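Chemist: Protein chains in written order, with the numbering used here: chain A, 1 to 297; chain B, 298 to 734.
Derived by calculation from the structure, the hints in this document are not laboratory data.
These numbers were taken from a predicted model, which means no experiment stands behind them.
A virtual CB, placed ideally from N, CA and C, is assigned to each residue, including glycine.
Some hints here could point you the wrong way.
What the hints assert, rightly or not - Sample of chain A residues lacking proximity to chain B, with all beta carbon distances greater than 10 angstroms (derived): (1) Pro40; (2) Met56; (3) Pro141; (4) Leu158; (5) Met231; (6) Gln265.
As the list claims (entries may be wrong) - Chain A is faced by these chain B residues, among others (derived, beta-carbon under 8 angstroms): (7) Gln364; (8) Gly375; (9) Ala377; (10) Gly389; (11) Met456; (12) Ala457; (13) Pro486; (14) Gln548; (15) Pro703; (16) Gly707; (17) Gly710; (18) Lys714; (19) Gly718.
The primary structure of each chain is shown beneath.
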Amino acid sequence: MIGRLEPGSIAAKRGMSDLAIRNLFIIPTIIFLIVFNIFPLIYSLGYSFTDFRASMNAPANFIGLQNYRELLADEYIWINFATTAKYVLVSVGGQVVVGFGAALLLNREIPAKGLVTTLLLLPMMMSMAVVGLFWKLLYSPSWGIINYALGLEDFEWLSNPEVALYAVALTDIWMWSPFVMLLCLAGLSAIPKHLYEAAAIDRAGRWYTFTRITLPLVTPLLLIAIIFRTMEAFKTFDLAFIMTSMESTELIAIRLYKMAFQEWQTGKSCALAYIVLIMVLAITNIYVKYLNKAKER
Amino acid sequence: MSKRKWSGLLAGAVFAIASQVSLAADELTILWAQWDPADYLQELVKDYEKQSGVRVTVETVPWPDFQTKAFREFAARGDAYDMVVGDSQWLGAGSTGGHYVDLTSFFKKHNVANTMAPATVEGYAEYPKGSKKYWAIPLEGDANGWAYRKDWFEDPKEMAAFKKKYGYKLDVPDTWAQLRDIAEFFHRPSEKRYGVAIYTDNSYDALIMGYENVLFSYGGDLGNYSTYEVDGYINSKQAIAALEMYKELYQYTPPGWGKTFFHESNQAITENMAAMSMNFFAFFPALDNPATNKYAKVTGYFANPKGPGGERFAALGGQGVSIVKYSKKQKESMKFLEWFIRDDVQEKWAELGGYTCNAKVLKSDKFRNATPYNEAFYQTMFMVKDFWAVPEYAELLDGMNKRLHPYVVGNRGSAKKALDGVASDWTRVFKRYGRLK
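Chain A with its partners taken away, still in its complex shape:
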């Protein structure tokens, strides 16, 4: 129950009342969410059943499920989804391997551990556009340092449809592995030391200790990292858009952007946005289910 605090009471002197907190913080936040999130969400749902084009001065006509039917029957949309799935798998998989590996290394006593950790976190603090342009230069067959270092001569990373997607995913791995590392590091440092001591007394091997103590106890935080990264990777736009615009790197977010702001098929793009939203929710739910199971263990 929300009530006023007695003036001059100890609680009032300590801080604001519940009523003040509600009026100053909760209500404005709810209003903000309703105006900028909930209202557009509902409004765009309505548009998804129309042939509305924002670039034309014409009213929106109700066309039922036609947009959804056309999108689900469009072979290119499925290619975009398949490309996105491949990208998510490679990118998030790579981030988990690199991030978890780096966390295991940093969980030991090493010189200048704080400095090394800070330096490793730098990529994720950079802007996506800057990272995209930076890696585009690194991949350049004419003057990029990657080909020079690997002795690959004129190997084309971003113009080659077979390789371009992996090149973008590699950039994403470089950028976001530190995020996974940070969460894993938090999980690793929370594991009680006495468990390792008990394992050592029982002469447990390294692999056994890793699979029976380290991995199970760090799994909840690792799953949280995977949930966040999967959601983000599924929505990836800027990195792929800046680095290359091959058909083989056209992720679903890029298709959505083109449909909405280049082709101005507003109604149809709203429908596609809902399909993407449902997919992200479904994938997230699966993860959350596993997360709850992992927590119960």
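Got chain A; can you put chain B on it based on the hints?
Modeler: Just chain B now, kept in the frame of chain A:
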């Protein structure tokens, strides 16, 4: 506070508001893409300010965001811009979408259709084609042409080697087949020298315009512009042969050439990479300037070569200036356009580096001899063809990019398969919009 003080404050406020209103009425804003011609226009409109007292600001947006920014403003019915220098493809969406002011009576009153080059009137102003309804004043004429390395072409050793290999003299190519031979001849990756630079960027219309240069010259076409039939046109024998030629040219480009447009095309010359480079004439001033191109003195220019049947065409670039329907200063904008189409202003526009569409100025010896590329530009402006200008042009561009890019750059499938795919996609789009039954 005393009564006198209140009166003083009130008078000050009224004066401030009045001066804001008067300032706003004396300003016009033009939206255009960020490139050299926009700077030339900004320079030109200083004369208008001197004569009329109206300040004109040319606000620029980087090319990749230009279309999105303009149409976002239209969708919001915003009055931030009084005029927009829009792409020729926008005419359909701009006019039928109600974003452009109808300039047909302005055209008649000022005889614009006869003072501007016919191709520019058709390409930048009229919609639908042949309707005599006009929505823009041709502002920046442009089309694709070529820059080449004269010193490479005129090197006696190279000339002798070329003659020995191909049996004819190394010179500016007369046909696309010759252009391919020259590209092949100069393509020497071990020496970091490459044959040709062409457009391959598939994010807007770059790759498509590059291909259009060959397509139209090969006698092919995008479709029937009256009936919107595309099957049998865009996948005709000529169109297939043209696409095969474009793909052949791609193999003689510098490495990493899978997503290139005007910037890279100029870079191919300034970085001493390619023998020939396809680009819009609007970008050639940078190649002729020794400050931006150390090979400026040995850079030459030519218009598109002929196809196998002797036909010669070029993809139309350039833009017309339209008055935005939501502008509150339409009358002032009309006055500006009246000033802009004057012969003396068009002459000054050309002198500053803008590509005038004024037929009289274009034909003058002064213009044709003003730069090493103006003659090629003049020739080209009489053989231009354009992409569809229908409101759904962006869907058509996207569909075509999806089919052409994997074939040309990714080496996937065949030219026939790619173009059959374009025909099928475009037919679907035209049916959806009721243009084709």
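Chemist: With reference to the structure, classify each hint as holding or not holding.
Modeler: Tested hints:
| no. | hint | in the structure |
| --- | --- | --- |
| 1 | Pro40 | holds, 15 angstroms |
| 2 | Met56 | violated, 4 angstroms |
| 3 | Pro141 | violated, 4 angstroms |
| 4 | Leu158 | violated, 7 angstroms |
| 5 | Met231 | holds, 25 angstroms |
| 6 | Gln265 | violated, 7 angstroms |
| 7 | Gln364 | holds, 7 angstroms |
| 8 | Gly375 | violated, 12 angstroms |
| 9 | Ala377 | violated, 16 angstroms |
| 10 | Gly389 | violated, 10 angstroms |
| 11 | Met456 | violated, 28 angstroms |
| 12 | Ala457 | violated, 29 angstroms |
| 13 | Pro486 | holds, 7 angstroms |
| 14 | Gln548 | violated, 12 angstroms |
| 15 | Pro703 | holds, 5 angstroms |
| 16 | Gly707 | holds, 4 angstroms |
| 17 | Gly710 | violated, 11 angstroms |
| 18 | Lys714 | violated, 14 angstroms |
| 19 | Gly718 | violated, 10 angstroms |
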